[in-house]
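With the hints as your guide, set chain B onto chain A.
Residue strings, one per chain:
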Amino acid sequence: MFDWLQLEFMQRGLAAGLLVAAICPVIGLFLVLRRLSLIGDGLGHIAFAGVAAGFLTHIYPLVTALGFTVTGALGIEWLRSRQKAYGDLALAIFFYSGIAGGVILLNLSESFSGAQLFGYLFGQISTVSITDVWLILGLGIVVVAIVTLLYKELFALTFDEATARVSGIRVSALNVLLAVMAAVTVSVGMRIVGLLMVGALMIVPVAAALQLGRGFKATLLWSVLFSMVSLVAGLGTSYYLDLPPGGTIVLLAVGLFLLTSIFRTIVAIVARSDAWRRA
Amino acid sequence: MREMSAKRVSSVARAESVLGVENVSFAYEDGAMVLDNLNLQIAAGEFVALVGPNGAGKSTLLKIMLGLLKPQQGRVFLFGQEQRRFKDWWRIGYVPQKLEQSNPHFPATVEEIVMLGRAAKIGVFRWPRQEDRLAVTRALELTGIENLRHRMIGLLSGGQQQRVYIARALAAEPALLMLDEPTAGVDAESQARFYGLLHNLNKELGVALVFVSHDIGPLRHMLDTVACIDRSLCYYGPPEGFIDAPSHFAVATANGANRTENRA
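Line order of the protein sequences matches chains A and B. Oh and the first sequence: position 24 is 24 in the numbering used here, straight run, nothing missing. Oh and the second sequence: position 65 is 65 in the numbering used here, straight run, nothing missing.
So here's chain A without its partners, still in its complex pose (with noise of 0.2 Å):
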């Protein structure tokens, strides 16, 4: 059953895309419960528009990538601050002119394959080079490191941000250093999943970690473990099936979403029926 991990490509795989499991829903917690779910997938757009410029430019385009997201980010959480009315608004523009910018990149460049590009919408963990498990380790580790220094600095500010405020917390500096950690999220996640798909892997085990209905840091671990889970599982179902690693991950993950949420939902109709009984 595992002599899928015998193969070279798949360990490289494994041991970058359980490190980009593990951070996407650490960042994607406090992006879903300050209510910005869908910056994961504005970045992937934005991340399109880099790749595109790095087969241009001949620069590794996960590179591109970083700098086109991270730039991004800046930008987004900039408008953010600024404007109350219509801040969704301003966001959808950043993301369209993201599409735009990158088919036009692309059409100007003409070094890069269709499988290639493929490989960057959708995700291609099996051309996961020593290079990219060495980029995707550090940077990963770099997250980790900002969010366990940080951790409780993040959590006031993501529960009430003007409490958080009073007690001297530096809300913009910290704001502005989640964007940029969303950002390095989306690069990295794009090598495994791709980059239409990198928010999933940022949403959707905290979805499913939020159905448990249990305490912060409990939902922050869970939601790393049902990524993780989702990501062996469908490394190892996409090998033996032959289907595409990327939404074959993406897809387990709405599984366990499935599941945890019917969980919920027949522990609150036992309660419910228990209360009933009893009055």
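Treat the hints with care, as some may be off.
What the hints assert, rightly or not - Covered stretches of chain B, as calculated for chain A (at least 3 residues, CB under 8 Å):
#, stretch
1, 58–70
2, 107–114
3, 228–240
To be verified - Example chain A residues on the side facing chain B (calculated, C-beta under 10 Å, incomplete):
#, residue
4, ARG35
5, GLY75
6, TRP78
7, SER81
8, ARG82
9, ALA92
10, VAL144
11, THR148
12, LEU149
13, ALA156
14, ARG165
15, GLY168
16, SER172
17, ASN175
18, LEU220
Unchecked claim - The following label-pair restraints were derived from C-beta to C-beta distances:
#, chain 1, residue 1, chain 2, residue 2, range
19, A, ARG272, B, GLU204, 49 to 55 Å
20, A, VAL144, B, HIS150, 22 to 28 Å
21, B, ASN103, A, VAL254, 43 to 49 Å
Quick caveat, the hints were computed from the structure, so don't treat them as lab data. Glycine included, every Cβ here is placed at the ideal spot set by N, Cα and C.
Frame of chain A, contents of chain B only:
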């Protein structure tokens, strides 16, 4: 009675100032002047109610005191230090108006929320230690919600949530507690218990309290000072004097009554 409380206020005024507002003016972007050259000093251990009609700038003043809004003119001092240089934010507890967190499914336990109140005291890059866990337990006991420790915040009643927010504000053992209309939407029984808690905090632990409210009726016998805000200070002194001035009192209570009606 009146003489006695006047004496109490004057002795308080000589004590260390925990909060000073000097010549503060504030206008919103549309140009409407909300506060006009306001001055206010609050001493250690003093219990002050900020009252005034709706839209008179009470909450704006509170936000300026807390550094959430910047006044166009004037300065704010916290514990004798100018606000922008002030670092010891843990010395100030803040209880926001109810429903700051509007998501009833926010995944957090009572204990986790109360621990957030220690964030500034624990310090950036650090995790809570044993002393922090003990302080959280004390804050939970003080507010009588020890039994709710592991419950989810969103599943609690309004009165229980209010006590969680007070416990959060108390977790860092502050010397000054600022409360923004904390009794809005809380049932009468919880309110009574809440006033008792404030009384204990003020008299036994010596915490200075700034209480923004429409209606100071139930608080009257606990207060040191009433500060009525209507763009500028329209009354400042002991509560008895405020109640004796019918025009001010009528304004404040009329608005309080309106609000209650609107809610019902």
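Structure-based check of all given hints:
no. : hint                            : result
1   : 58–70                           : holds (count 3)
2   : 107–114                         : holds (count 6)
3   : 228–240                         : violated (count 0)
4   : ARG35                           : holds (8 Å)
5   : GLY75                           : violated (23 Å)
6   : TRP78                           : violated (19 Å)
7   : SER81                           : violated (14 Å)
8   : ARG82                           : violated (13 Å)
9   : ALA92                           : violated (23 Å)
10  : VAL144                          : violated (14 Å)
11  : THR148                          : holds (9 Å)
12  : LEU149                          : holds (5 Å)
13  : ALA156                          : holds (5 Å)
14  : ARG165                          : holds (6 Å)
15  : GLY168                          : holds (3 Å)
16  : SER172                          : violated (13 Å)
17  : ASN175                          : violated (15 Å)
18  : LEU220                          : holds (9 Å)
19  : A/ARG272 / B/GLU204: 49 to 55 Å : violated (43 Å)
20  : A/VAL144 / B/HIS150: 22 to 28 Å : holds (27 Å)
21  : B/ASN103 / A/VAL254: 43 to 49 Å : violated (23 Å)
When the structure is compared with the earlier hints, violations turn up for hints 3, 5, 6, 7, 8, 9, 10, 16, 17, 19, 21 and for no others.
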